[in-house]
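Novice: The primary structure of each chain is shown beneath.
There are 2 protein chains.
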Amino acid sequence: MNKNSPRAVILLSGGLDSATLMAIARRDGCRCYAISFDYGQRHRCELDAAAVVAEHNGAVEHKVISLNLDSIGGSALTDINLDVPESPGSGIPITYVPARNTVFLSIALGWAEVLDAERIYIGVNAVDYSGYPDCRPEYVAAFQTLANLATRQGVEGQPISIEAPLQLMSKAEIVTLGKELKVDYSLTISCYNPAPGGEACRVCDACRLRAQGFIEAGFADPTRYQREM
Amino acid sequence: MNKNSPRAVILLSGGLDSATLMAIARRDGCRCYAISFDYGQRHRCELDAAAVVAEHNGAVEHKVISLNLDSIGGSALTDINLDVPESPGSGIPITYVPARNTVFLSIALGWAEVLDAERIYIGVNAVDYSGYPDCRPEYVAAFQTLANLATRQGVEGQPISIEAPLQLMSKAEIVTLGKELKVDYSLTISCYNPAPGGEACRVCDACRLRAQGFIEAGFADPTRYQREM
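Going down the list, the sequences are from chains A and B. Using the working numbering, the first residue of the first sequence is number 1, and each one after it goes up by one. Using the working numbering, the first residue of the second sequence is number 1, and each one after it goes up by one.
Isolated chain A (complex conformation) (with noise of 0.2 Å):
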């Protein structure tokens, strides 16, 4: 890695699917520019895992935005007063935090302006996924449409580049993945319901769509959890 490395805004959740990603940006030779943000999660303690996963992976530097997107509500991931499933339901979940893969990505877009970044990393995931509309391919391509627009760089013919490597792998996908590219999936917390001490609640839909990835894998999950099976 050298000063003429690809500069990259990496979206890190401190999560398994975004601890892969910033590893497959590392191995495509970039320069890692870590973002994550506090909007009032309840699972706040995935921002310590993001700093350790950043710090981990050699990240040039951590940027954690405020933003208080709890204020507008409409989400069990950010209102207390509703309860994170324990079993999964049909439709588009309760846990779905109203435009929030749009909003990440676009500070992403403006922090990549700022660096004169060549590439945005989201770990968005179509396969293994809880039925999110801003999780598809198309949705990815729109925002890159935007992204063209909107930026200077845009403007001046140098866009800026979406990555979403994680698109179409199914959670085992990922999980094996990672291993080849040696994550330390025991640094990384998933659950959206975790314990103050960052232990996992087993039954939440990430829970269970991560535990499943690591069995269909075939690999040991370093996972803490708050209760046994």
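Please note: incorrect hints may appear among the correct ones.
Chain copies aren't distinguished; within one or between two, either way the pair holds.
What the hints assert, rightly or not - Below, simulated SDA-like cross-link-like pairs (lysine to any residue); rule was C-alpha separation at most 25 Å, straight line: (1) K63 x N81; (2) K3 x S71; (3) K182 x M169; (4) K63 x N101; (5) K182 x R224; (6) K63 x I94; (7) K3 x G73; (8) K63 x L82; (9) K63 x P196; (10) K63 x G40; (11) K63 x V52; (12) K63 x P165; (13) K63 x R44; (14) K179 x C201; (15) K179 x A211.
Calculated from the structure, these hints are not laboratory results.
Take the given structure of chain A and dock chain B to it, following the hints.
Specialist: Below, chain B alone, put in the same frame as chain A:
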């Protein structure tokens, strides 16, 4: 206005354009939910103006979202170490805040999703503008495409409409329409670099465009200035 009136989220900065915008939304029969942003801008007194304009126009609610865009830097509006220019330059000016409209529209989109609002009004203007890429009609069209894919409403076939009625109007046309709609421009602040009491500098791009608009429209300008001509 009744319970069946469409709900609209209004991006309200407290300036001339957005005050006119809100009057248009009211004329269109909307119940208005105003949203403003405390993003580290040096002209934060515009937030006081936004609160007054929202109340004056009968907003159902006025929400202020805080986010530290100044931490990504790159603009004279959020970095006190960069001077606001006193004369127009060429190209994209230093007062451009990277990805600002994308960030603001994204958060408005999230609130519109929660409110089940039919519309978002944004006061971008591509005529008497300052050369910002995210004020162009093709940018607004791309955000509409993104919004259709990003939201619950879009998935369910009832997309949220992005309304940019000032887009192709000159500043003089905006002032003329606002006067017809009884906008009280003495409540608004447009200046990028006002005194602590809200008096405008008279020399920044925003002041120049505003003053020219009043002259061309043939109305007295109620702006309070820091200095005489």
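Novice: Decide, hint by hint, whether the structure agrees.
Specialist: Here is how each hint holds up against the structure:
Taking the closest pair of Cα atoms, K63 and N81 come within 25 Å of each other only across two copies (20 Å); inside a single copy the shortest separation is 29 Å, beyond that limit. For the identical chains of this complex, K3 and S71 are inter-copy neighbours only, at 23 Å across copies versus 41 Å inside a copy, given an alpha-carbon limit of 25 Å. In the homo-oligomer, the alpha carbons of K182 and M169 lie at most 25 Å apart inside one protomer (18 Å), although the nearest pairing across protomers, at 56 Å, exceeds that limit. Within a single copy, K63 and N101 get their C-alpha atoms as close as 17 Å, and across copies as close as 21 Å, so both meet the 25 Å cut-off.
For a Cα distance limit of 25 Å, the shortest separation of K182 from R224 inside one copy, 19 Å, qualifies, whereas the shortest one across copies, 62 Å, does not. Proximity of K63 to I94 under the C-alpha cut-off of 25 Å is restricted to the inter-copy arrangement: shortest distance 23 Å between copies versus 28 Å within a copy. Taking the shortest Cα distances, K3 and G73 sit within 25 Å of each other only across copies (21 Å), while inside one copy they are farther apart (42 Å). For the identical chains of this complex, K63 and L82 are inter-copy neighbours only, at 21 Å across copies versus 29 Å inside a copy, given an alpha-carbon limit of 25 Å.
Taking the closest pair of Cα atoms, K63 and P196 come within 25 Å of each other only inside a single copy of the chain (23 Å); across copies the shortest separation is 30 Å, beyond that limit. When the C-alpha separation of K63 and G40 is checked against a cutoff of 25 Å, the pair qualifies both within a copy, at 16 Å, and between copies, at 16 Å. When the C-alpha separation of K63 and V52 is checked against a cutoff of 25 Å, the pair qualifies only within one copy, where the shortest distance is 13 Å, while the shortest distance between copies is 34 Å. In this assembly of identical chains, the alpha carbons of K63 and P165 lie at most 25 Å apart only when taken from the same copy (22 Å versus 36 Å across copies).
Within a single copy, K63 and R44 get their C-alpha atoms as close as 15 Å, and across copies as close as 23 Å, so both meet the 25 Å cut-off. In this homomeric assembly, K179 and C201 come within 25 Å of each other (Cα to Cα) only inside a single copy, at 23 Å, whereas the closest approach across copies is 58 Å. Taking the closest pair of Cα atoms, K179 and A211 come within 25 Å of each other only inside a single copy of the chain (15 Å); across copies the shortest separation is 62 Å, beyond that limit.
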